[in-house]
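Chemist: Generate the whole structure from the sequences, applying the supplied hints.
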Amino acid sequence: MASIELRNVRKAFGAVEVIKGVDLEVRKGEFMVFVGPSGCGKSTLLRLISGLEDITSGEMLFDGKVVNALAPSKRGIAMVFQSYALYPHMTVYENMAFGLTLEKGQSKEEIQRRVEKAADMLQIRQYLDRLPKQLSGGQRQRVAIGRAITRDPKVFLFDEPLSNLDAALRVATRIEIAKLHEEMNQVTMIYVTHDQVEAMTLADRICVLRDGLVEQVGSPMELYEHPNSVFVAGFIGSPKMNFISGEKAAAFNAETVGIRGEHIAIVPDNGTWSGTVIHTENLGADSYVYLEMGTEEPVVVRLDGANDYKSGDVVHIAPMEDKIHRFDGAGKPIR
Amino acid sequence: MKINTLLVGLLTSVTLVVGSAQAAELSIVSGDTGNGLAFLRSQLDKFEADTGHTVTVVPMPSSTTDQFGQYRLWLAAGNTDIDVYQTDVIWAPQLADQFLDLTEAAKDVVGDHFPSIIESQTVDGKLVALPAFTDAPALYYRKDLLEKYGKTPPTTWAEMEATAKEIMDGERADGNPEMWGFVFQGNAYEGLTCDALEWVMSNGGGQIVEADGTISINNENAAAAIDRAAGWIGTISPEGNLAYMEEESRGVWQLGNSVFHRNWPYAYSLGNGDDSPIKGLFDVVPLPAGDGEGARSAATLGGWNVAVSKYSPDPEAAIELALFLSSAEVQKERAINQSNLPTIEALYDDADIAAAQPIIPAWKEIFQNAVPRPSAPTKTDYNEVSSMFWSAVHNTLSGNGTAAENLELLEADLTELKGDAW
Amino acid sequence: MATEALAPPAAGAGPRIKSELTQQRLRAARWFLVPMLIALAVVAGWPLLRSIWFSFTDASLNNLYGAEWIGFGNYLRWQVLESGTVRWRGLLVDGAWWNAVWNTVRFAFTSVFFETIFGMIVALVLNAEFRGRGIVRAAILIPWAIPTIVSAKMWAWMLNDQFGILNDLGMRLGLLSQKVAWTAQAETAMTAVLVVDIWKTTPFMALLILAGLQMIPKDIYEAADIDGVHPVKQFFRITLPLVRPALMVAIIFRLLDALRIFDLIYVLTPNSVATKTMSVLARENLFDFDNFAYGSAQSTLLFLLIAVLTMLYIWLGKVRFDGGDR
Amino acid sequence: MTATFDLWKFTKSVLFYALVVFIVVVSVFPFYYAILTSLKSGTDLFRITYWPTSFDLGNYASVLNQGSFPRNLLNSVFVSAVTVIGALFIAVTASFALSRVRFRGRGLLLMTILAVSMFPQMAVLAGLFEVIRALGIYNTPWALIFSYTIFTLPFTVWVLTTFMRELPVEIEEAAIVDGASPWVIITRVFLPLMWPALVTTGLLAFIAAWNEFLFALTFTSSNDTRTVPVAIALLSGGSQFEIPWGIIMAASVIVTVPLVVLVLIFQRKIVSGLTAGGVKG
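Protein chains in written order, with numbering that gives the first Met the number 0: chain A, 0 to 334; chain B, 0 to 421; chain C, 0 to 325; chain D, 0 to 280.
Hint data in this document are derived by calculation from the structure and do not stem from the laboratory. In this text, a Cβ means the ideal position worked out from N, Cα and C, and glycines have one as well. Hints may be right or wrong, so weigh each one.
Calculated cross-link-like contacts (lysine-lysine; reagent style DSBU-like; alpha-carbon spacing at most 30 Å) [to be verified]:
id	chain 1	residue 1	chain 2	residue 2
1	B	Lys147	C	Lys178
2	C	Lys17	A	Lys153
3	A	Lys27	C	Lys17
4	B	Lys331	B	Lys125
Restraint ranges, calculated between C-beta atoms of paired labels, are given here [stated by the list, open to error]:
id	chain 1	residue 1	chain 2	residue 2	range
5	C	Ile120	D	Ser221	42 to 50 Å
6	C	Gly83	D	Ser221	58 to 66 Å
7	C	Asn98	D	Val81	39 to 47 Å
8	A	Arg129	D	Ser180	26 to 34 Å
9	A	Pro36	C	Trp30	37 to 45 Å
Modeler: Structure (structure tokens):
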């Protein structure tokens, strides 16, 4: 319901500049994910959008209106925190209703209706009378999300909401959030994570941040297929993209070439390169083969199904030519 | 008596003439305790009935040090809420500036009081407070034990020491290991100044600072007296005596665990209380004398007075109250009810008092040996002087140096404190 | 206009943006602090300044308002004697004062040291779950609940050499060969005072530490238990660091209190040189002796000494007081 | 193996309870002795006993009948309660500002507050006396409530600041997003989380105010306005030097009991507090 625009937004804590001039537009109803390594400023950026942190300079617009100084509660946002941040002394119901009770002119019935609606969406209705400490981690996070829904926000902010959950719950909750986005498709969502899988699976568009600057913004497949830099290329996709530099790269007229594991085939002989198997991982549906071939990190090849390579085997590999990413000395793609 | 009645009558009539609209609301602050307060109240009721004034009593903790600190602060701040103060005999010179001169108001009655007491309350010709009652300690002794060992009450310290030792040893051998010879007030506080002044004075060692301001304490007689007392600790007196104040020493005495005891008159009636193990088994005599030149029995002068604050909003009524509380009438009541010693000489021959409190006429002898502490000559420095003195004595009693050494240091300190003049 | 020339460019490096939120919080902070500041200024600020001022005058309680300024005379002054020797006088060269300083510091550090240890033990015990914990918690508080003047007298009574129960107990248990006059003898007076003070104020320490312990989430211990961390190690690695902020504050306040110790000593061993502390000495000069100005100087110096020791403690203990993320 | 394990466990709990008993005995013994003494009278006071030998409630009767002790008790309750409520109210808001709002001079301010606790009470007595008279509250309970802030306020501010600083930032931020003003954050979010700290500091401050003697003696001058410690100091025997131990002890027992009750009432609050619950996963 709201579009967000950031114009040369900067944020400094004392002498340390954390956000160094970000220009970004988040469209109405879009699911935008901020991703990047820790310390890249993604959480800070989210907090700037939320209004919890003041921007040092620049402009922030919601629906074309400058909101630089607007209080968080007036921005029409809701936020889900990494640690859930539920009020420990309030029941689930009270937690969810708290924001509404602070708004003027909300009748009790209206509050109850909205809380119950949100609770139904998340299937937590049976927990409404419990205290947060009586819930499991996943349930707590759902309550936190429910609290955000109850506020009926225009913008939904998630700050690494899944990082405190175990792997299975993480996937389940991820799906929950994706479903939520579908149901609330008019709500703009911004989601911060350091996990590229979450980014890829949830986002309409991903914003990769590095050192307080936007590295690239685009849909997951754009980022996957046309990374704007070595950094983005390495960050998006699993297993991580292989980077090969030196002579082997020079052969492709590049400082560095990047090729994803799934775009390499093992060939009997006459491959582009060859290497020694140092490790294999069988995941059932697919499998990874790690090769030592004089690169900084071992080269990973992703194969469908299982394989029976053993450490010490020498194999030839062939990258798919059209999937090779070539980068110059500055880490920028050569097109 | 006549004068007093006349005076009260006069004042009453004056009040009546001026009109009852003049009835004042007065406050008197008193550190008096239990029965004392009740007695005070009963007298004030009379006063109220006579004069139409109302008087509120503000009780204070019985610790004189606490009282003194409070009064000083109140007076320094010009507290108008208190009109009349009950003051210790030694305070007059220190608080003189803050009290009204009562010379004029009391000119008709001062003659009735012991001159020495009036003198103690007169500072630079200004009568600071009127005496309410006086106090002087005595030597308490166990009649039964002295009889048992065929002894007479001692008149000299040496005699007391010998008797105490003999009876203590005898009693301990007889199965009372808790028995001691003599208990007194040995803690480092004002009480030790009183006790030690008696030892020094009775041994012809002067009174620390003489009336003319001369510092006399550093002399052989004084040193000998204090050294003798130091010898008691651990022999006829327990080590703990170094921490005793009045009550602790009375505790030992009243349990029957001491042959002799130095204390104020209050211990007399308590010792004869119904649950007291020594009820009827003791008596009092004047404190022993020393054996130096000019030796005589000496008892430190205590007692309480009433003074009028110069910040009192109604000084005339306040003075009226002070005069009333020091009057012969009240003092007689006080003697009969409270066994407090009157300051009016004539009352010692009063038949009613003699009948109710036979001990009081006997105390006249003790009282005649009373010596004032040097509060008058040392003026505002008295507390500091006293503190230095008791510290020197306490050091000697604790075995930190001989009396001669400590008194020499004391003399130096006092000289320094005195400066050009007190 | 000049102001326009000074005004920064509109965009980019503009003045720091203060959002509504920040402004609201700063405004709230101001209103929240004002009552406290007013209260402290009136109740403490003014009297403190008065006292400090008096310390530079010749004030006496008989003549408080006619006091004259004498500069540092109460602290240090000198006098040249006829013989030419210089005689130094004043608080800074007063042996009694420095003795009191030493007594105070010795007392404060010893008592706070033991209180911290005992307080920690008691707090840990109370933090454990066992039957009758409520009763024990109430029992623990009794020493702190009894008015100081009363407990001082009570202990004086119990420590009395003749009818004190402690001597009796010691004799019965064979710990003492003869009755000891605890408060009278210079050697034992300080110990006696320390024992009473530790007894009396350990509950304060224990309760504050307990509150700190209660703020530690339980699951941290559960995690440590699962990891098989030895309880002793748990204490030093988890409990102590987490309870440290509360502990540090508890120690600061106990230290401040102990350095000003007055009533206990005033009642228990009022005039013993072995235990006379700065406050007791200051009282003596302020109210008993006619040295109000000198007593004020002592109070002021006491204040400075405490301030220095506290700073030292804060610096050494790295107590954080400007922390927090907001 | 199991046997030795059980033995170890048994020894441990025996040692634990031994420690508990030891702590209780040391804390309570003087109080017990006070009760014992309060049941004695006369010369009995000077005799050492370990068990009650007599059961004479005379001392209690005389405390309650002597002067205005019940009135003093009420005064103490009023003064201490108002002092604590006032101090907590001022301190909670102030410590929110000090722990949660970034502003310049915060460290200096905290230091200044601490400095207030550094000045000996003795030294402020004269100045405080002037202020109290100037305010016209001399000899009223307000004089005490006012003067007690000098020691309750810095203490409560510091302790609460420390505790509030430890509360998770995210809870506060969640509340901000929910539209809570600082006042709402304090009253509806933080206070319920701070019960142990609040109750503990409140209790400690209450007792400090309850036991205060010097100010109470100096700033009141009538029996009707005095508090319990002064009243106890005023309890006296029949004559000047006599210390009425039995009565003093009876009074101390009477005075201590309300505090014990207070602790028992509030003890749930002392130990509830910040449960891991919604705060940390």
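Chemist: Does each hint hold? Answer for all of them.
Modeler: Here's how the hints hold up against the structure:
For the hint pairing lysine 147 of chain B with lysine 178 of chain C, the CA-to-CA distance comes to about 28 Å; that is within 30 Å, so the pair holds. Note on lysine 17 of chain C and lysine 153 of chain A: the hinted pairing holds, with a Cα-Cα distance of about 24 Å set against a maximum of 30 Å. With a C-alpha separation of about 27 Å, the suggested pairing of lysine 27 of chain A with lysine 17 of chain C holds against the 30 Å cut-off. Taking the CA atoms of lysine 331 of chain B and lysine 125 of chain B, the gap is near 26 Å; set against the 30 Å cutoff, the hint holds.
With their beta carbons about 45 Å apart, isoleucine 120 of chain C and serine 221 of chain D fall inside the hinted range of 42 to 50 Å. Hint check: glycine 83 of chain C to serine 221 of chain D, Cβ distance near 59 Å, so the stated range 58 to 66 Å holds. The hint said 39 to 47 Å for the Cβ distance between asparagine 98 of chain C and valine 81 of chain D, and at roughly 41 Å that hint holds. Checked against the hint of 26 to 34 Å, the C-beta distance between arginine 129 of chain A and serine 180 of chain D comes to roughly 28 Å, which is consistent with it.
As the Cβ distance of proline 36 of chain A to tryptophan 30 of chain C is approximately 42 Å, the hint placing it in 37 to 45 Å holds.
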